[in-house]
Structures are given as C-alpha cells and as structure tokens.
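**Q** Each chain is listed here by its residues.
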Amino acid sequence: MNAGTDRLSQLAISASGFVFDPRSGATFTVNDTGRTIIEGLRDGNGLDDIVASLDDAFACDRADLKRDTLEYVRQLRDQGLLPTDFELV
Amino acid sequence: MLPFTGTVAVTGLNATDNPGPGLAVVRALRADPRFQGRIIGLAYDAMDPGLYTPNVLDGAMLIPYPSAGREALLARLAWCQQRFGLDVLIPTLDSELPALCDQEPLLESMGIRTFLPTRAQYDMRSKARLDELTAHGVPVPKAVPISDPSTLYTIHEELGGFPLVVKGVFYGATIAWNVSEAIAGFHKQAAEWGLPVIVQEHVSGEELNVCVVGDGDGGIVGAVPMKKLMLTKSGKGWAGVTIDDPGLMEMAANTIAALKWRGPCELEVMRDDRGGFHLMEINPRFPAWCDLSAGAGHNLPMAYVDLAMDRTPHLPDYRVGTAFVRVSINQIVDVAAFEGLSTVGETASLTSDDLPEGGDMPSPTTIRPLH
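Protein chains in written order, with our numbering: chain W, 1 to 89; chain P, 1 to 371.
These are computed hints drawn from the structure, not numbers from a lab.
Where hints are given, some of them may not hold.
[Claimed, not checked] Estimated spans, in silico, between C-beta atoms of each pair:
#, chain 1, residue 1, chain 2, residue 2, range
1, P, Asp45, W, Gly4, 24 to 30 angstroms
2, W, Ser14, P, Val179, 49 to 55 angstroms
3, P, Met230, W, Arg74, 27 to 33 angstroms
4, P, Asp272, W, Arg74, 42 to 48 angstroms
5, W, Cys60, P, Glu157, 32 to 38 angstroms
6, P, Glu71, W, Ser14, 38 to 44 angstroms
Ideal Cβ positions, reconstructed from N, Cα and C, are used throughout, including at glycine.
With the rest of the complex left out, here is chain W (with noise of 0.2 angstroms):
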C-alpha cells in the first residue's frame, strides 16, 4: 500500500461501482475507469502501472491517460480521500 493511502483501502467498493467510505458515511458512484484507477492507489502502484491498466483495459491514448489519472487523483485529494500533499508518481 502506497504512504497515504489509508482512506482509500478503507472503501467499500461494489463490482457495479458503488462506494461507501465508512469514515465519513458518504457513498458515491464510480465507473470502470475510476474504479481500476481506486484499485490501482490501493494496490500500491505507481502512475505507470496504473496508466498501462487502464490502457489495457480501454486502450486510450497514453498521454491522455496520464493527464486523467492525475486529474483523478486531484479529485480524490479534493473529496479528502487522499492526503493533500500525496503525489502520484
């Protein structure tokens, strides 16, 4: 598990996206894509690993991938679920 991921293996994710973050009560819907990108942070991998997921998984662009994976995680510190200074590398 990555440093600071600690919220983020606490989630209840469902196969059909649905999340519970039984820290704060909140519950919330995920796609596919946002999911591999959850499972990838919990599962400790860095950006590469996760890109090349993702890009197995829906065959993008890669640099498009990066740029919304990082967005993406942006979001996840914005909702408190990652720390405020985690960085994904």
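The hints should help you fit chain P onto chain W, whose structure is shown.
**A** Same frame as chain W, now just chain P:
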C-alpha cells in the same frame, strides 16, 4: 444468555415528523431474540402515533405531563405498576429526567428498575454548562448563557465574531449573522423555551452523532456512531448510516469518562474541515434513531434493560454501513382503539389486528359502538 421475560415501560411515543425516541426503543427491544417480555407504552396524549403501531405494545397508559411534577408522575407509575407489573422503565424525553434522576431507590422500592444519569450528570451536560467539559480535554464551542438581549451588542467579540448560534435552553437554534438577527433569535428562543438563552460560537462542518450507553464509572458499555444522510427542514435526521471513525469514538470515550455518564445519551458532534471534532450537545436519553443500533447488531436499548436488571449486556461489535431510512405511514385502526385511553387513560392492548372486515378504512356502519 437468558431471555428477558419481564415488563418494560417506555415513554416518548409521539412518533411525529420530529419523533420522540420511544417507538425506536420499542422496536429495538422487539428485534432482540432475548427479549420475550411485554412492553407498556406511557403516553401523554391518546393520539400519540406510536400507540397505534401494530404488534409492538402490549398495553398503554397515559401519564401526566412533566410540568405536573414528580409526585404526580410517581403516583401514576405506582398505578401502572399495579395494573401491569413493571420491571423496567425507559424514559426517553429530556423533560422527564429531572423528575426521575436520583429516584432510583424509590423506584426500586416500587419494583421498577432504571439505569439513568444522576441529577449532577444531567445538569453538567446542559447547554449552559457544556463548555465546562473543555477542562477535561473535550473540545466544546464556547458558549455564554444570557438573559439580557443587550448583551448581544458585544458578545460576538468574545465568541470570535459572527455568525453565532442562538440556542433555546432545551431545544431550538438560530444562526445569526449580525446583531439584529441575534436579537431576533434571542426573543424567538426565549418566547419558546424561556431563559437563559445560550449564545454559542459557530462551528461549520459535518454533523455526526453517537448513541452511547455509559456505565456510570466513566466507561462506555456500548456505542454506535451515525452520519445523517438526509435531513428534514428542521435538521432532524430522516436517514443515516453507521460509520467507523476512530477519532469520533475517542471523543465519545473522553466525554463519557469526563461525565462518568450513566445510562443512554446521544452526542452531537461536528467534524470541522480540518478533521477536528467539536462536541455540540449531549441529549440525555436514547435518540429517535436508536433502533439502528439493533439493526447493526449492537442493541443499546436491550443493553439498558440488561443493566437495569443487573445483567451483563450482550453487545457484539456493530456493523459499519447499516443504514436507516425513516418513513411516514398512515396507521389504519378502528376508532374503538381510542376508547380505553380516551376514557380511562389506559388500555390492555392497542395493537390487535382488529381492522374491520374487508381491511379498509372503517365506515360508520363498521365502527363498533364505544359503549
């Protein structure tokens, strides 16, 4: 674990849009397989909706309003004891506690057991004194009880500026963004609940709640934390879910330890944007969502019965992610169901399946004569 086969009396059956906790307590008890006893509803009004919920009460009795005083309440409880044979009493309204705190020996001599806070504990958690807990390391927003509205012209300087929260001494709160709104809030709360009015520092964030039963020695017997998912216009929780937040539970433990709280209570806590916790209020009884504890496998009303009966509570860990969603329903009853409470103030059973034939709303021809 031995089953409980005694009789429990529960108050607070006013299950309205701002519900009393009684029906939730009753439902929690009924949900426990160890509970094989009877439940008597104690109500203030023959139309309290909880009296007519099917299959939860074995009988009911009207009791005098708290304003009638302790003697009137105890006399009525003595009569209730004679009629129904009570073993345990669970008061669920704040206003009932002053008459019952410190009366445990007397109630026990009547054969009625309770597990309630002392009067000193009850007073200590009042809105006017809550911030004394800061001396015990529990963060509480600064609050000042006032009786003179002219104080409001300067009090914001003492409380970190506007907005401020203007609170009634028992219920109700208004957020004030300037002196004019603070004065209006003062008169609104004073007219409804009397003096003093509490002026409190405003804390923004996420509201969380914990239902707790304290052992009276500073320890927690059981606790279930909840996040509200849906609110009514008056800020009451209409849906909620059990959560797992170690920081919240640590605050609950510190609060109960500081008060040496005995019996049930609800902690209202604000988690600010930086993750800090602030204790906003302590309600000295079960909350109206306490049946969530039974649904989550950590039945706190049943623990109360066990403690009152000097038994060891059976409280497995609660399940995180158990939710409740409240509902408003129309309960269909024969008008004859109102008879006992309306005439002699008691009834042996309100919940028999005595719908008129056909199961529809009773028509004048199907309503049985009352006498």
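**Q** Tell me the hint numbers this structure goes against, listed in increasing order.
**A** Violated hints (numbers, rising): 1, 4, 5 and 6; every other hint is consistent with the structure.
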